[in-house]
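Student: These are the residues of each chain, in order.
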Amino acid sequence: MTEAILSVQGVSKRFGGFTALSDISIDFHRDRLTSIIGPNGAGKSTFFNVLSGAFPPSEGKVHYNGRDITGVAQHRFAHMGIAKSFQITNLFPLLSAHENVRIAAQAMQTRFNIWTPRSRFRELDEKADALLELVGLWDKRHETAGNLAHGAQRSLEIAVALACEPQLLLLDEPTAGMSPEEAREMMDLILKLHAERGIILVEHRMKLVMGISNRIVVLHHGQLLAEGTPEEIRTHEEVRRVYLGQTV
Amino acid sequence: MSSKAERNALDVDRTGEQRQVRMPALIDLIARHRVLAAIVFLMVLPWATPYEALAINILIFGLYAIGFNLIFGYAGMLSFGHAAFFGLGAYGCGIPIAKFGFPWFVALPLGVAVAGLAAAIIGWLAIRARGIYFAMVTLALSQIVYYVVFQWVSLTGGEDGLRGVAVNSIDIFGLRLNMLDPMTKYYAILVIVAVALWLFSRILNSPFGGVLEAIRENEKRAAACGYDIKGTRWLAFLLSGLFSGLAGALYAMHLSVVPIETLHYFNSAIVVMMALLGGMGTFFGPFLGALVYLLLEDIITVITVHWQLFVGALFVFLILFFPRGIWGSLLHWMKQ
Ligand SMILES: Nc1ncnc2c1ncn2[C@@H]1O[C@H](COP(=O)(O)OP(=O)(O)OP(=O)(O)O)[C@@H](O)[C@H]1O
Ligand SMILES: [Mg+2]
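Line order of the protein sequences matches chains H and Z.
My numbering puts the first sequence at residues 1 to 248.
My numbering puts the second sequence at residues 1 to 336.
The hints are simulated quantities; they were obtained by calculation from the structure and are not laboratory data.
Where is the CB? At the ideal position from N, CA and C, for every residue including glycine.
Among the hints, a few may not be true.
Ranges of calculated distance between the beta carbons of each label pair, as one might list FRET restraints [what the hints assert, rightly or not]: (1) H:Met108 x Z:Ile39: 35 to 43 Å; (2) H:Gln109 x Z:Leu199: 35 to 43 Å; (3) H:Gly136 x Z:Ile172: 55 to 63 Å; (4) Z:Ser329 x H:Phe55: 48 to 56 Å; (5) H:Asp68 x Z:Arg130: 52 to 60 Å; (6) H:Met108 x Z:Ile303: 40 to 48 Å; (7) Z:His306 x H:Phe55: 45 to 53 Å; (8) H:Ala130 x Z:Lys230: 49 to 57 Å; (9) H:His150 x Z:Met334: 57 to 65 Å; (10) Z:Ser329 x H:Pro93: 16 to 24 Å; (11) H:Asn147 x Z:Leu199: 29 to 37 Å; (12) Z:Ile144 x H:Asp68: 50 to 58 Å; (13) H:Thr229 x Z:Met334: 55 to 63 Å; (14) Z:Met43 x H:His150: 49 to 57 Å.
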């Protein structure tokens with residue numbers, strides 16, 4: 001077995017008196033596409049926020065490629081190779097789709113350069129266009145991000161996250177609010193992206209991820225309820241109880 | 001192939017639009033060649049103002065407002081302590097001239113450096129706070145600067161201000177400029193302001209300028225993309241302080257004295273007003289703001305002594321009814 005790309009040990013997160021995550025330990029591997037599922041409010045986004053550095057856990061440790069990254073500042077994560085697409089679309093709304101990806105890509109190259117004109121960095125334009133092409137937004141690249149249709153904004157989220165060339169990509173409900181057709185295209189894209197990097201996916205529609213995941217993690221009330229192959233999860237007693245009424 | 005057709009279509013659209021309305025085309029031109037446009041504007045300015053000293057003030061306070069706008073308009077943080085950098089720029093340039101007989105070309109960079117050092121320290125302390133707390137921290141720290149300068153009479157002249165900052169002539173390449181002649185002085189200062197404007201425009205066009213824009217739009221996403229928000233803010237504050245300091249240093253050379261009022265918080269408020277009046281976050285706006293503000297002051301102080309009351313009313317009016325300012329409104333109107 002390969003070494004874990006991300007290793008979570010005893011992570012808890014409390015908001016005031018409310019425990020959103022309690023004592024979660026789990027390893028993630030690059031070559032196994034892992035999906036985190038769970039009902040609304042299970043703590044999936046909170047877990048992702050801890051993994052992507054938006055805030056530190058209240059307790060526990062996170063190791064990335066063997067290195068302790070607990071409490072490391074948010075902006076360092078992109079440079080270490082961890083990127084996240086947000087559940088609620090989180091873009092630069094007044095910039096064009098192209099500029100959104102371009103500014104994200106720029107972070108890897110130059111941040112405090114106050115001298116060279118931005119237009120000199122041709123390679124950033126090319127990189128932005130290539131990523132927009134990858135997610136199927138090339139023809140919309142000059143449109144203002146805030147004016148894009150919902151599905152297009154979801155794709156742009158992913159292009160922006162990809163701009164830092166992450167080794168590990170965290171996708172928080174990338175299909176949220178998408179039509180079934182769009183969602184299927186998104187799943188194809190995710191499979192394609194997985195060929196080159198580790199991916200962890202949050203989804204609360206279980207059916208969508210069963211087909212593409214190598215491994216599934218179930219969160220419930222902030223606790224790790226189960227983990228295993230899609231087949232194991234499908235037949236798991238407690239998971240069935242939690243998802244009562246939904247066909248697993 | 002399709003992209004080429006697309007581009008052509010776009011071009012047709014653009015020119016059609018420009019033919020329709022002349023005025024926006026002019027503003028568009030100014031916006032695209034902003035430094036050149038600003039310089040042309042400033043070259044004719046002294047011929048349009050009632051007297052030359054007013055034009056020099058517009059030049060200097062315009063630069064001050066532009067520097068302030070970097071932190072206020074572009075980084076989105078309301079500093080209420082920029083008088084510290086303007087004032088320290090003035091004292092930092094004036095003291096070496098008045099007390100130690102330094103030549104102006106050494107004193108001027110010294111003034112800018114002193115302002116920059118203060119901005120580095122005050123910025124480092126203040127960026128930890130946000131919103132109104134940031135404004136209060138900058139105000140409090142700038143008040144400390146005011147009292148130190150006020151008390152240090154032997155060096156600064158204290159309450160009476162610093163006297164004897166005499167720069168009567170400037171020699172450049174064998175050319176002697178008589179700084180006692182207001183027109184000569186105006187154009188000599190304009191040369192320095194023009195260079196500063198060019199540098200400023202360069203900063204806005206740089207990758208760093210793009211980061212400022214991104215942070216202003218979505219701080220959380222910018223951080224997730226890998227941008228150090230605090231570091232960026234600190235650098236913006238430092239740069240802003242350097243430009244304000246240069247304005248202050250020029251002010252000292254212009255007046256031949258440095259009044260303690262340069263450090264007074266009223267001078268911090270003035271620059272907020274100028275940026276608001278002209279249009280925060282626009283390149284040209286703060287200059288227009290400085291121009292309108294100083295012209296108004298000039299006219300109204302003749303009529304009534306309650307100028308400050310008028311300033312307060314103007315401030316409220318701007319915030320409530322005119323948040324885009326003059327230039328900002330023009331640009332907005334053009335885009336529609
Ligand atoms: N910043 C916060 N402060 C207080 N409570 C929070 C905060 N963020 C999340 N919570 C709470 O933590 C719990 C888990 O929220 P989280 O967003 O992680 O759930 P989720 O599994 O992503 O749900 P969903 O499927 O709806 O996206 C919820 O009860 C939520 O109200
Ligand atoms: Mg969520």
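Student: Taking the hints in turn, state whether each one holds.
Tutor: Checked hints:
A beta carbon spacing of about 36 Å between H:Met108 and Z:Ile39 agrees with the range 35 to 43 Å that was offered as a hint. Between H:Gln109 and Z:Leu199 the beta carbons are some 22 Å apart, a value that contradicts the proposed interval 35 to 43 Å. Distance hint check: the CB atoms of H:Gly136 and Z:Ile172 are about 60 Å apart, consistent with the given range 55 to 63 Å. Look at Z:Ser329 against H:Phe55: about 40 Å separates their beta carbons, and that is not inside 48 to 56 Å.
About 29 Å separates the C-beta atoms of H:Asp68 and Z:Arg130, a value inconsistent with the hinted range of 52 to 60 Å. Look at H:Met108 against Z:Ile303: about 59 Å separates their beta carbons, and that is not inside 40 to 48 Å. A hinted range of 45 to 53 Å holds for the C-beta pair Z:His306 and H:Phe55, which are about 52 Å apart. Roughly 32 Å separates the CB atoms of H:Ala130 and Z:Lys230, a value that falls outside the hinted 49 to 57 Å.
Evaluation of the 57 to 65 Å hint for H:His150 and Z:Met334 yields a failure: the beta carbon distance comes to about 30 Å. About 22 Å separates the C-beta atoms of Z:Ser329 and H:Pro93, a value consistent with the hinted range of 16 to 24 Å. A beta carbon spacing of about 34 Å between H:Asn147 and Z:Leu199 agrees with the range 29 to 37 Å that was offered as a hint. Taking 50 to 58 Å as the suggested C-beta distance range, the pair Z:Ile144 and H:Asp68 does not conform, at roughly 41 Å.
Between H:Thr229 and Z:Met334 the CB atoms are about 60 Å apart, so this pair conforms to the stated range of 55 to 63 Å. Judged by the Cβ atoms, the range 49 to 57 Å given for Z:Met43 and H:His150 holds: they are separated by roughly 51 Å.
In summary, the numbered hints that this structure violates are 2, 4, 5, 6, 8, 9 and 12.
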